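*Asks:* Chain residues, written in single-letter form:
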Amino acid sequence: MQNEPIFQFNKVSFEASGTKILKSVSFEVQKGEFLAILGASGAGKSSLLRHFNSLNSPTEGQINFRGKDIDFDLQCLRKNVGILFQNPVVFTGSVKENLLVAGRWDNKIAQTLDHELVQALEQVEMGSIQLTHKAKDLSGGEQQRLALARTLLNSPQVLLLDEPTSNLDPKLSQSIMDLVNKLSKSLELTVIVVSHDHLLMRRYAQRVIVLSKGEIVGNGSFKELDKAMIFEKAGLVGDEVHDEA
Amino acid sequence: MRPDFYVLTWNDLVVSLFFIAFSFFLIKKWKLGLEQTLLIGTLRSFVQLTLMGYVLTWFFDQQHWAFMLSLLFIMILIASYEGTRRQKNDIPHFFPAMFVALLASAILILGTILLFILDVKPWYSPYAAIPIGGMIIGNGLNSASLTANRFVGEMRHRENEIETLLALGATPKIAVYDAMNTSIHAALIPNINAMMTVGLVQLPGVMTGQILAGIDPIIAVRYQIMIMYMWFTTATMANIILLAIVYRQFFTKKMQLKRELLREQA
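Chains as they are written, first to last, in my numbering: chain A, 1 to 245; chain B, 1001 to 1266.
Bear in mind the hints are in silico, worked out from the structure with no lab data behind them. The structure displayed is predicted, hence computed values, not measured ones. Accuracy of the hints is not assured; some may be wrong.
So the derived list for chain B, only partly shown, Cβ under 10 Å to chain A, looks like this [claimed, not checked]:
no.: 1; residue: L1166
no.: 2; residue: T1171
no.: 3; residue: Y1177
no.: 4; residue: L1257
no.: 5; residue: R1263
Below, simulated PhoX-like cross-link-like pairs (lysine-lysine); rule was C-alpha separation at most 20 Å, straight line [to be verified]:
no.: 6; chain 1: B; residue 1: K1258; chain 2: A; residue 2: K20
no.: 7; chain 1: A; residue 1: K68; chain 2: B; residue 2: K1253
no.: 8; chain 1: A; residue 1: K68; chain 2: A; residue 2: K11
no.: 9; chain 1: A; residue 1: K68; chain 2: B; residue 2: K1254
Even for Gly, the Cβ is constructed at its ideal location relative to N, Cα and C.
Let's have the full structure, built from the sequences with the hints guiding it.
*Replies:* Quick look at the structure:
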């Protein structure tokens, strides 16, 4: 991990439909870091995550990406900061068509050769799936991997994951997170995961930010936050944290 | 032998009340509960159309370009208001968007017909400009209203798809392309079907009217063909212009989807 902040959030507040969702949130994310954002339901985790690639904008405060205002070049930002949503979107058509979706506006991706697409599928451990396979016929876990492969074709520096395992069983959840962890190392990705599953995140995240009612109530390693009993205060866990820790 | 003209007198019209009497009888017999509505509808259609006849007679006596342009302008304003009222969803700036779409279609299509196809002299002759302008605006209104409603439905249905595309680096225009395409396609199908079946299944109103008024069917057919082409072009143009303006209302300047606009409104 290098000490170079890739993101800087400075007193970021966010309001939607008259409700304050984020309240003066400040923190930094280092390049190459694996960060987990945890919080109970409605804590503002997903809203916060959407700020990283400017799908949401702060009502107040400032966000910098690589030292510049996050909105400096939006298309470049979104290419560099990929996101995997809770419910992966799979478009009608083949696996190949899904992988090449960004080819509609990006010539480089449009010209990707089939063997490169197969490599992209192998990268997400889907090498056995044919490019001509109907994407909608894939299982939930495979659709999640396909969405991940599509995001990786943009060669991002940062990967955002919004509750990526919430619709998957524990075994599949772990295999997806193992994959993300492997990719974060091989591709030197900065990974930011929003999750309610603190047990799963303990295996991967180097640092954790705990949100409660739109405010940061904890920012540090699991060990530090366990010591300060942050997870209990945020209403995130029962006794199982201590067992696990 | 072809009659020159079938003149419909007020007495003839009274006889046509037989249709209403018959419908009334059927409604009563089947206990459909529509008796009052039918009577009000009968009276309103009589009064409204009779008044319109007198108004049109006065309009047709006006021979001035400023009058004609003002009238078309007012027709477009009313159609834009009606189109806005028909929207099930609150789309920001919908009224001006509809106005621009209808105005542009009317200028291009009505202008082409009056100046280059019918070669009307003077071009602002109300006998041509009012009925053709009315058809263009009316057809544009119907098609564009349908498109806009469908578009919001498509946006709602494809919300996650659109955000995925934005997140991958697409511009809003690219992100909504499929939603726009599907909406315009759906709205144009009635026009395409009409072109496919015209003359086979039904005789269109304009042609029927002209034939009843004593016009040679060959000439009436030519008019009808022009009108079909005009309708299709109006619908296509109005839909594209409308959506080209409307889709922007769903995004911020930072290429973010305004998700609150897609929430179902009570």
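*Asks:* With reference to the structure, classify each hint as holding or not holding.
*Replies:* Going down the list of hints, with the structure as the test:
1. L1166: Holds, because the Cβ-Cβ distance from L1166 of chain B to chain A comes to roughly 7 Å (cut-off 10 Å).
2. T1171: holds, 7 Å
3. Y1177: holds, 8 Å
4. L1257: With a closest approach of 8 Å, the L1257 of chain B hint holds.
5. R1263: holds, 9 Å
6. B:K1258 to A:K20: holds, 17 Å
7. A:K68 to B:K1253: Holds, because 18 Å separates the two Cα atoms, which is no more than 20 Å.
8. A:K68 to A:K11: Judged against 20 Å, a Cα distance of about 16 Å means the pair holds.
9. A:K68 to B:K1254: holds, 15 Å
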